[in-house]
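A.B. asks: Given next are the chains, with one letter for each unit.
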Amino acid sequence: MTDVSLDTLPVEILHRILDNIDVSTIVRSVRCVCRQLYAVVNSYNRFQLDFTRFTSSDLKAIFRLIEFSKVSSLVLSGSQTSQNDINVCLKNVNIAEFTNLRSFSLFRVRNDHINEIIQHVTARSLASLTIILREFLNNRITSSIFSAIVRTNVQKLYLNNMNYTNIEISWPNQNTLQHLTIKRCTYEGYCAILDNSHSLSTLVIDDCVIQNANTMQTLYTVAASNSAKRQRTDTSIFVLLNFMIYPH
Amino acid sequence: MVSLTINNCHMLMEDLQQLLQLTPSLIHLKLVSDRPTLDRMFVGSDWEQFILNHLRSLNKFQFFLTCDTIVFNGETIFNYLISPFQSRFWLNEKQWLVTCDYVPRSSTFRIYTLPACRSVEIRWHLFRVSATDSKCRFILRPTLFDTELQRSSSNLDVSNCNIRDDVLQYVVEAILNYKVTYFFK
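Protein sequences appear in the order of chains A and B.
Add 34 to the 1-based position in the first sequence for our numbering, that's all there is to it.
Add 1 to the 1-based position in the second sequence for our numbering, that's all there is to it.
Hints should not be assumed to be uniformly reliable.
[Unchecked claim] List of simulated lysine-lysine pairs, DSS-like, C-alpha gap at most 27 angstroms:
1. A:94 / A:125
2. A:217 / B:31
3. B:61 / A:217
4. A:190 / B:61
[As the list claims (entries may be wrong)] Some chain B residues well away from chain A (every beta-carbon gap over 10 angstroms; in silico):
5. 4
6. 10
7. 16
8. 52
9. 56
10. 58
11. 60
12. 65
13. 88
14. 98
15. 100
16. 102
17. 116
18. 117
19. 129
[Unchecked claim] What follows is a set of in silico ranges between Cβ atoms, one per label pair, in the way DEER data are often shown:
20. A:87 / B:61: 28 to 38 angstroms
21. A:43 / B:35: 47 to 57 angstroms
22. B:107 / A:66: 51 to 61 angstroms
I should point out that these hints are in silico values taken from the structure, not numbers from a laboratory.
Since we're looking at a predicted model, the values are computed, not measured.
All C-beta atoms in this analysis are idealised placements derived from N, C-alpha and C, irrespective of residue type, glycine included.
This is chain B alone, in the form it adopts within the complex:
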């Protein structure tokens, strides 16, 4: 067998690995999974080692992992998760680009290969990490602020914004702390 797609994986990483060892000839693997916690499936170095040992022919690996029980405390989380996916193996040898983002509104953390194999429409503001340079961007939805406010961020009036207080806190912190801020038109 050369191609395997698992669209809604609930297996533990150990079980998935056991399953994948049955098909060492895989060339294509697609994995979509909503994880209950940030478990071993998010660990890039684990994947790298497993693929080197057991899936030597794999040349197209698409994954989309989400976890929506995370409270975001800063961009450190990105560095820890994304940096194992930026080794020579991922970027140079396999040329699989991995990015991740975090949606404060739904507490959803997502890590996925590009191009994304699942729709990643931006409904809420989110933090996103570049696939190659680890820089974190904060992406705002335009509905939140009108263009006037975008122009003068020193005078941000958010009293009319339909936004939760804890999310607002991220927004304000993001504007203050992140050098690169994208406003989506």
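Just chain A, with the same shape it has in the complex:
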């Protein structure tokens, strides 16, 4: 076998290797090795920017050296150290420049920031959008997230702590969602999601809240159970056996 070295590998393979290297190593080390690797890094368009991980010197290099149109994955977090504060990011980063984004995550960002950020997302085909809320979601933010879902053709949407209980804001009907995770919805909200999401294959929820006559019954059994827990005496196996033998 002849000698195989890094510079004999095709550029596609080198890009696959870069997929597994952190951004600052790519732009501050790999890029500086030789002309060929410089060119390889320059043609690379799957940068993964996780702003929760950068030091301030990383940030400077990134803002200077990376074209945002070559970023495929972006993570912004509202709970960062002061130097990586989201305000700093927003000052230096124009979200609209991330035109080829495939994956976008917002962790515990304040609602006004979500609004500001989400309406500038211009990507046409987001494989995945993750928003972990920091505050209660109001109608305005919900609408702006919903319009972003349609505009960017999101396929996987994670709104892990979002409750879709207010169906005044209609679920977007032109969406391309295949995978959806939310916390809780009403029965009406559940129906609206199913009716309007024609590509949906996977739905993950904590619970669905049924708001009809049965709701009272649920509340009643929960209350009964709490009192049973306190007493720890009454629910006997024989009650159960009766129930099993003579089902209601």
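Add chain B to chain A, keeping to what the hints say.
C.D. replies: Only chain B this time, still in chain A's reference frame:
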């Protein structure tokens, strides 16, 4: 839609069934629920009938149901609950294995498909039923008895064990009455 996960279900069985009828094409269903009482959701024959009637494509059903208001009076409870899950439908056609256990310490009864879709770490001694033969095992936590005591169960000294009297009663009864006793190392 082919896959639905409900991680903390508070719905009544009737409401859940109503909800599931909206998606007859489901292939995968995962259901985790802490129930206030041993209600219809624990009834295997109900599930079997519902799946046969409304979820004909379902081929992966994972559930984990718990109820912590039960006072355990013997293993009869297991037979009544688990036997509907051991029909041809569950074991042969679908090959969904269901087991259940009871933790006296927290009065928690759990019934779930295997492999368990929620962590089932053994913190306390518990009664557990085999998924296929309905045999009940009593599983003891080793911290309770040192190895010496395990060897000579005729001389069980539990005076130093940090254990509630009512739980201790189960432990002693279990050792006396159950042929198969596992000691976890």
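A.B. asks: Against each hint, give a clear statement of whether it holds in the structure.
C.D. replies: Against the structure, the hints:
1. A:94 / A:125: The hint holds at about 13 angstroms.
2. A:217 / B:31: 15 angstroms, holds
3. B:61 / A:217: 22 angstroms, holds
4. A:190 / B:61: 22 angstroms, holds
5. 4: 4 angstroms, violated
6. 10: Violated, because the least Cβ-Cβ distance between residue 10 of chain B and chain A comes to about 6 angstroms, which does not exceed 10 angstroms.
7. 16: Check fails; 4 angstroms does not lie beyond 10 angstroms.
8. 52: Holds, since 17 angstroms exceeds 10 angstroms.
9. 56: The claim holds: residue 56 of chain B sits with its nearest Cβ about 15 angstroms from chain A, beyond 10 angstroms.
10. 58: Given a closest Cβ separation of 13 angstroms, the condition holds.
11. 60: Fine: 15 angstroms to the nearest Cβ keeps residue 60 of chain B off the interface.
12. 65: Nearest chain A Cβ is 14 angstroms from residue 65 of chain B, so the label holds.
13. 88: 15 angstroms, holds
14. 98: Nearest chain A Cβ is 21 angstroms from residue 98 of chain B, so the label holds.
15. 100: 18 angstroms, holds
16. 102: Holds, since 15 angstroms exceeds 10 angstroms.
17. 116: 19 angstroms, holds
18. 117: Holds, since 18 angstroms exceeds 10 angstroms.
19. 129: 17 angstroms, holds
20. A:87 / B:61: 28 to 38 angstroms: 36 angstroms, holds
21. A:43 / B:35: 47 to 57 angstroms: Taking Cβ atoms as reference, residue 43 of chain A and residue 35 of chain B lie about 54 angstroms apart, which means the hint holds.
22. B:107 / A:66: 51 to 61 angstroms: Given range 51 to 61 angstroms: holds, Cβ gap about 60 angstroms.
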